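Take the given structure of chain A and dock chain B to it, following the hints.
Protein chains: 2
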Amino acid sequence: MLNKEFSVKTPKEIATDLEELGTQEIISYLETSTKTIAQQVFFEFSPHVIVDIFPAITDDLFKKIFTKSDTHKAARVLSRLDRSRVEKRLVVLPRVTSREINDFLSYNENTAGFLMETNLLTGFKEDTVDNILSQLRKLGDRRILTVYVIDDDDKLIGRVPVNYIAIATPEQQLEELMYQAPSVQAMATREEVVNAIQTHALLQIPVVDIHSHLLGIIRNDTVLSASREELSGDLQTLFGAGKEEHALSKASFAVKKRLPWLQINLVTAFLASMVVGFFEDTIAKITILAIFLPVVAGQSGNTGSQALAVTIRGLALKEIRIGQWVRVAKKELLVGLVNGIAVAITTGIVVFFWANSLGIAVVIGISMILSMVIAGLAGAVIPIGLKAIGQDPATSSSIILTTVTDICGFLSFLGLAAALSSALGIV
Amino acid sequence: MLNKEFSVKTPKEIATDLEELGTQEIISYLETSTKTIAQQVFFEFSPHVIVDIFPAITDDLFKKIFTKSDTHKAARVLSRLDRSRVEKRLVVLPRVTSREINDFLSYNENTAGFLMETNLLTGFKEDTVDNILSQLRKLGDRRILTVYVIDDDDKLIGRVPVNYIAIATPEQQLEELMYQAPSVQAMATREEVVNAIQTHALLQIPVVDIHSHLLGIIRNDTVLSASREELSGDLQTLFGAGKEEHALSKASFAVKKRLPWLQINLVTAFLASMVVGFFEDTIAKITILAIFLPVVAGQSGNTGSQALAVTIRGLALKEIRIGQWVRVAKKELLVGLVNGIAVAITTGIVVFFWANSLGIAVVIGISMILSMVIAGLAGAVIPIGLKAIGQDPATSSSIILTTVTDICGFLSFLGLAAALSSALGIV
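Chains as they are written, first to last, in this note's numbering: chain A, 1 to 427; chain B, 1 to 427.
By construction, these hints were calculated from the structure, which means they are not laboratory data. Hints should not be assumed to be uniformly reliable.
Heads up, the list lumps identical chains together, so a pair's fine if it works in one copy or across two of them.
Cross-link-like lysine-lysine pairs, in silico, DSS-like; alpha carbons within 27 Å at most [to be verified]: (1) Lys387 <-> Lys12; (2) Lys250 <-> Lys318; (3) Lys125 <-> Lys138; (4) Lys318 <-> Lys12; (5) Lys330 <-> Lys256; (6) Lys318 <-> Lys73; (7) Lys250 <-> Lys387.
Computed from a prediction, not measured in an experiment: that's the story for all the values here.
Chain A extracted, bound-state conformation (with noise of 0.2 Å):
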C-alpha cells in the first residue's frame, strides 16, 4: 500500500483519477494492469463507483480482483451489492476464497465481525522474540503491528506489539513482554467497537467468539472510517432517512427508506393542525393569527433542535451520561428561558408594528417564551430518555420533538389568543 518513490501515484490516487473516467475506461484499465495494481485500485473505489462499474466486468476480470484478495475488503465491497447477483457471482472463485467472503457476508454489517481481518500473526507464551522475529521476517508483511498470544486452546491470552518486540532480547519469551489484550465479540456493534479503541488507546483490537476464541483483527483504519460512517449516519437518521444510504445511492434506495418517515410525521402534523383546528372559530375572526403561525412554530422548532443536537453529541461522544439529565435539562431550560424571551421581545416589535395589535405582540412574545422553554426542555430529555431505555436517541428523537414543539407552540399561541382576546383587546 505504500510506495518506495515519492514520484509514484498511490492506488487511492490513481482510483480517484480513473473515477472521473467512464465504465469502459475503468475496465480496461483493470484488465490491462496487474493483479496486483489491479486489486489495489479496485478495493480503492468509491463505493458507488463499484456498484456501476460492476455489471460491465467480466467473470475473468471477476477472478482477477478477486482471487487472492484481502477477503475482508472484498466483502465489504460486495455487501453493497445486490445479494444474489454476488452469488452468482462467486462461484467462479476458488472455493476457498468463496467461502471465507461468504462467512463476512453473513455478519451484519454494522458489527465488528464484519470489520475485522483474518491476517494476523499469533504466537504461543513460550515462543521466543527470535522465534517471533524470524516468523515476522518469513511472511514479511509490515502491516502487523502485534502478535497475539494465544493458549493451547485457540484462546487470547495477550498482545505484545512488534516495538516492544523489537527491543526486547532474542531469547525473551512472549509470555515476559505479554500485556492485556481488551477485545471485542465478533457481534459487537460498530459503535462498541469504536468505544473499545479508544477506552484502551489501541492501534487495533483483536475480535473474539463467546469462547475468547481469536478470530481476527479491526485496524485502527477501518475503525476511523467506520466511526466517521456511524456519526455523520446519526445526522441522516435525525431526518428519517437510514445511516444506511448514501447521496448516490439509487432513489428508490432512498424513497424505501425514507418514505415510512415521512408517512409517520404526516401523523405528527395532523396533530398539529388539530390544535389549530380546535381554535377555527378564533382565527375566523382574527385572521392575522395565521399569519404568524409559521413564526411560533419555526422558532420553538429551532430552540428545540439545538438542544437535541448539543444533547445528541454529548451522548454520542460520551461526554454526558443518562444520570446527569437533571444537570443537561436544567441549563436547556435556562437557555430557552433566555433565549426565549430575547426572541420575544424583537417578535413582539415587529408583530406590534404589522398587525398594529399591542395584544397580539403580547400574545405571541409570551407564548414564545413559553414554548421556547419547553422546547429545550424537550430537546435534553428526549434523547436522554430514549437513551436510558436503550433506544438509540437518532433515530425517533426528531419526530417526538416536532411534535411537541408544534403542539405547544399552537396551543399556547392560539390559545392564549383565545383566552386574552377580550381582555388585551385584540379582535
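Chain B in isolation, oriented as in the chain A frame:
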C-alpha cells in the same frame, strides 16, 4: 497508559469512577496519589469536570499535575479554560514547561499544531538499525511506532516504522528502509489531518512547518477523537448551535452561540409569514386552509432536511464531489417526486374527509408534490453550492433550506387555493 495486570484499573476507568464524586473528593484523590497517577487520571477527566474542579486546584496540585506532564495534553485541557486565569497559573510552573504549553495554546484549537505531540524519535539516513534500537531501548517509550528521518537541516525526508526496524539486520541504514513520509502543515485544519491519515492509511502523521522542518506528530487516537468532534459538530452547526458548545457547557455560552442564529431565523419565519399574509383574504374566506398550513410546511421541510442530511454526509465523507451535483440533484428530484406523490395521496385522502372538500384535497395534494420536489432539489443543491463557493455546508445550509421550503410550501398551497378556489368549488 497500559497495565501489566489484568486486575488493575486503567487511568480512564479511575477517572470515570471519580467523576461520580464531588469536587472535594476528586481533589483529595489527586493530592494523595503519586504524581504519575495524578497526571494520568487528571488528563482522562471529561472537559466539563476539569472546568468544574479547576478553581479548587491549589498551586501545589497544579504544579504536581502539570510539571513534566505531556505538554500537548496539558494545553488541550487548559485551552478549555479562561485564558487569563490559565496564564496566572502557568507562572508557577518551570519556565520550559510553561513556555511549551503557551506555544501550544497559540495554535488554533482546530489546527494540526494544536493536536500534535512533540515527543518523537528522529534519526539521520546514515543511522544504523542497531543504533536506533539502542536509542529506543534507552527512551523506553513504548508509544514510539515510527522513526522519522531528517536531514542536517531538520527537514523531514522519510519514515521507518519500528516494525520494519524489528525485522531488519543490525547494520542496515535507515536510508535503505526509509519510506515516503506524508505530512501536514502546522496550520492544517482538523479536517485536513483526518483526510491525510485516511488517504495514506497511517497510524500517525508528522507535522511540519512551511520549510518542511519536523515539529511533531499527531497520533491515531488524537485523530480518532478529533474526527469524532469534527463530524458530530456538523450536527450542531446545522441547527446553529456552534461546534464549540458541549452538552454541559455553561448556559451563558450556549445563549451566546445560539441566540444570533435564532434571531436570523426569525427573519426567515417572518418571510414565510409575509407569504401567508399575501393570502389573508383567502384565509379569511376559507379558514380551514390555516389548519393545513403546518402539514404543508412540515412535509416539505422534512423532505428538504432528508436530502440535506444525506448530501452533507456525502460531502463530509468525500463520497461525492462538487462536480457530481447534477447527479445528486437528479436523484433528489426523483425521490422528491415519488415521495411527494405518495404523501400527496395520503394527505389528500385525510383532507378530503376532514374538510369534506374535494377541492381542498386536490389543492393540498398538488402543492405537496410541487413543494416536495423543490425541497428535495434544494436540499441537494444548497450544500453543494455552498461547498463550491468555499463555505462550510453545515453552517448555513439549514437556514437557506428552511426559507426555501417554507416559502415554496405556503406559496404553492395558498396560491393554488386562491387561484383554483372558484374552479374547484372550494368556497
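So, going through the hints one by one against the coordinates:
1. Lys387 <-> Lys12: between (39 Å within a copy, 23 Å between copies)
2. Lys250 <-> Lys318: Intra 34 Å, inter 18 Å, cutoff 27 Å: inter-copy only.
3. Lys125 <-> Lys138: Result: close both inside a copy and across copies, 20 Å intra and 25 Å inter.
4. Lys318 <-> Lys12: between (33 Å within a copy, 13 Å between copies)
5. Lys330 <-> Lys256: between (39 Å within a copy, 17 Å between copies)
6. Lys318 <-> Lys73: Classified as between; 19 Å across copies, 30 Å inside a copy.
7. Lys250 <-> Lys387: between (32 Å within a copy, 23 Å between copies)
When held up to the earlier numbered hints, the structure conflicts with none and fits them all.
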